[in-house]
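S.K.: So the chains spell out like this:
Number of protein chains: 2
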Amino acid sequence: MKLKVYTDRMSQPSRAVIIFCKVNGIQFDEILISLAKRQQLAPEFKDINPLGKVPAIVDGRLKLFESHAILIYLSSAFPSVADHWYPNDLSKRAKIHSVLDWHHTNLRPGAAGYVLNSVLAPSLGLPLDPQAASKADKLLTKSLSTLETFWLKGNAKFLLGSNQPSIADLSLVCELTQLQLLDEKDRVRLLSPHKKVEQWIENTRKATMPHFDEVHEILFKAKQRFEKQREMGTVPKPGFQSKM
Amino acid sequence: MKLKVYTDRMSQPSRAVIIFCKVNGIQFDEILISLAKRQQLAPEFKDINPLGKVPAIVDGRLKLFESHAILIYLSSAFPSVADHWYPNDLSKRAKIHSVLDWHHTNLRPGAAGYVLNSVLAPSLGLPLDPQAASKADKLLTKSLSTLETFWLKGNAKFLLGSNQPSIADLSLVCELTQLQLLDEKDRVRLLSPHKKVEQWIENTRKATMPHFDEVHEILFKAKQRFEKQREMGTVPKPGFQSKM
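Residue numbers (this note's numbering), protein chains in the order written: chain A, 8 to 251; chain B, 8 to 251.
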């Protein structure tokens with residue numbers, strides 16, 4: 008039975024899982040669970056993931072959720088996946104786990120918290136929360152700085168001094184691409200002080216093309232929609248963040 | 008060269024790593040990095056973990072931090088560790104990763120956020136934050152309910168329907184033992200609706216004795232200190248949470 012991947016491409020960890028499968032030639036059926044339609048909470052999906060989150064997979068008898076766990080499982084279960092994605096070497100693997108754990112409590116709440124509370128909330132029926140956005144902004148800025156000065160060492164193209172991408176590169180870069188939803192000036196304010204981070208995002212994109220752009224298409228369309236709404240004054244203007 | 012473990016037993020992930028080493032007969036030197044004295048930010052420790060967090064380990068040339076990454080590495084690198092802690096079976100292992108990932112964004116911020124903002128902050132030179140405590144209370148209560156109804160399935164003694172503990176049991180239980188620092192009535196309010204959770208904490212304690220109690224000794228002493236302070240009226244009284 009073919010692998011089933013339950014996703015919404017607007018969700019950053021969903022994008023990471025889909026790109027990973029495509030890049031590594033893993034055959035799968037992609038099943039849309041629309042977050043905008045709240046399908047993740049529908050009874051049919053509760054049988055797949057009772058906690059109501061995407062991405063989730065079904066592979067034979069295994070039902071699994073949490074994107075890092077999924078990426079590790081796919082790397083281990085599908086022989087077509089090259090070693091660099093999740094190395095057999097214990098020390099290299101340990102460092103990848105370390106980055107992924109750090110991601111959970113730093114980059115993820117920073118990036119997702121900022122985008123949700125400064126731009127995305129209204130389209131999910133929630134109010135914008137400037138105080139939460141300000142807190143997330145600080146965590147995101149600190150996390151970007153840690154990426155720039157610590158995780159992206161030396162002149163290597165990818166995290167942890169590697170010249171080939173791992174699941175950590177893909178997961179973290181897909182987290183950061185959601186910043187595309189911000190006003191362009193605000194996105195530049197956040198990213199441009201971190202030249203290595205900008206180059207690393209581009210390196211990861213190139214290493215996973217054409218799938219990277221194809222899977223992100225929905226996000227780029229949403230970006231255009233938000234830009235139009237900004238012009239019409241129905242979403243926060245650039246710089247609202249600095250007024251808080 | 009013997010494994011070096013940099014910890015403060017007041018930190019819940021530090022306790023998990025120390026108990027794990029002791030239970031599995033892993034020889035190690037324990038080096039105290041006192042959080043109260045802010046030694047995690049000292050230049051000497053920055054060479055071990057530039058991000059200034061405990062626990063961290065040094066094993067030969069490998070420097071590693073993030074407790075889940077450490078527990079996975081130790082399980083893989085030390086042959087004395089029994090399979091049930093981190094099974095070779097891909098599906099079982101995947102489920103353990105899934106619980107550990109869930110822990111990062113649910114139980115951990117719930118438990119640690121609540122204890123910090125309702126009790127611990129003043130002893131770290133920080134103000135109590137009732138609003139943050141209230142938010143963490145909700146996340147903790149929801150997480151305990153998810154543990155009770157989802158992760159602790161059927162009548163198994165441990166997470167994921169297992170009859171032997173894994174690194175996930177140890178990590179999550181050590182997270183929850185910090186609730187000992189709360190006023191006893193408040194701790195009972197949080198835990199007592201979750202009978203399976205209470206039994207599972209006790210099962211994990213028993214499976215890792217005598218090390219569990221020995222490593223938690225510092226926490227029990229801190230609990231007594233807080234109780235005394237409560238009697239003297241220098242820390243928040245029981246039930247202050249319900250007034251918010």
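Calculated directly from the structure, the hints in this document are not laboratory data.
One or more of the hints may lead you astray.
The list treats identical chains as one, so a pair stands whether inside a single copy or across any two.
[Said to hold, decoys possible] Result set (DSBU-like, lysine-lysine): computed pairs, CA atoms no more than 30 Å apart in a straight line:
hint: 1; residue 1: 70; residue 2: 192
hint: 2; residue 1: 29; residue 2: 202
hint: 3; residue 1: 164; residue 2: 53
hint: 4; residue 1: 9; residue 2: 70
hint: 5; residue 1: 99; residue 2: 70
hint: 6; residue 1: 142; residue 2: 44
hint: 7; residue 1: 53; residue 2: 149
hint: 8; residue 1: 53; residue 2: 9
hint: 9; residue 1: 99; residue 2: 29
hint: 10; residue 1: 145; residue 2: 202
hint: 11; residue 1: 230; residue 2: 9
hint: 12; residue 1: 160; residue 2: 9
hint: 13; residue 1: 99; residue 2: 235
hint: 14; residue 1: 160; residue 2: 70
S.K.: Does each hint fit the structure? Answer for all of them.
M.R.: Each hint, compared with the structure:
In this assembly of identical chains, the alpha carbons of residue 70 and residue 192 never lie at most 30 Å apart, being 41 Å within a copy and 39 Å across copies at closest. Taking the closest pair of Cα atoms, residue 29 and residue 202 come within 30 Å of each other only inside a single copy of the chain (28 Å); across copies the shortest separation is 44 Å, beyond that limit. Proximity of residue 164 to residue 53 under the C-alpha cut-off of 30 Å is restricted to the inter-copy arrangement: shortest distance 25 Å between copies versus 40 Å within a copy. Taking the shortest alpha-carbon separations for residue 9 and residue 70, only the intra-copy value of 13 Å comes in at or below 30 Å, while the best inter-copy value is 40 Å.
Taking CA atoms no more than 30 Å apart as the test, residue 99 paired with residue 70 passes in both settings, with 27 Å inside one copy and 11 Å between copies. Taking identical chains as interchangeable, the C-alpha atoms of residue 142 and residue 44 lie at most 30 Å apart whether they share a chain (28 Å) or sit on different chains (26 Å). Taking identical chains as interchangeable, the C-alpha atoms of residue 53 and residue 149 lie at most 30 Å apart only when they sit on different chains, with a minimum of 17 Å there against 36 Å within one chain. Taking identical chains as interchangeable, the C-alpha atoms of residue 53 and residue 9 lie at most 30 Å apart only when both belong to the same chain, with a minimum of 20 Å there against 47 Å between chains.
Taking the shortest Cα distances, residue 99 and residue 29 sit within 30 Å of each other both inside one copy (24 Å) and across copies (25 Å). Within a single copy, residue 145 and residue 202 get their C-alpha atoms as close as 18 Å, which meets the 30 Å cut-off; across copies the closest is 39 Å, which misses it. For the homomeric pair residue 230 and residue 9, neither the shortest alpha-carbon distance inside one copy (33 Å) nor that between copies (53 Å) is at most 30 Å. With identical chains, the CA atoms of residue 160 and residue 9 are at most 30 Å apart between copies only, with a shortest distance of 27 Å across copies and 39 Å within one.
Taking the closest pair of Cα atoms, residue 99 and residue 235 never come within 30 Å of each other, the shortest separation being 45 Å inside a single copy and 47 Å across copies. Proximity of residue 160 to residue 70 under the C-alpha cut-off of 30 Å is restricted to the inter-copy arrangement: shortest distance 15 Å between copies versus 36 Å within a copy.
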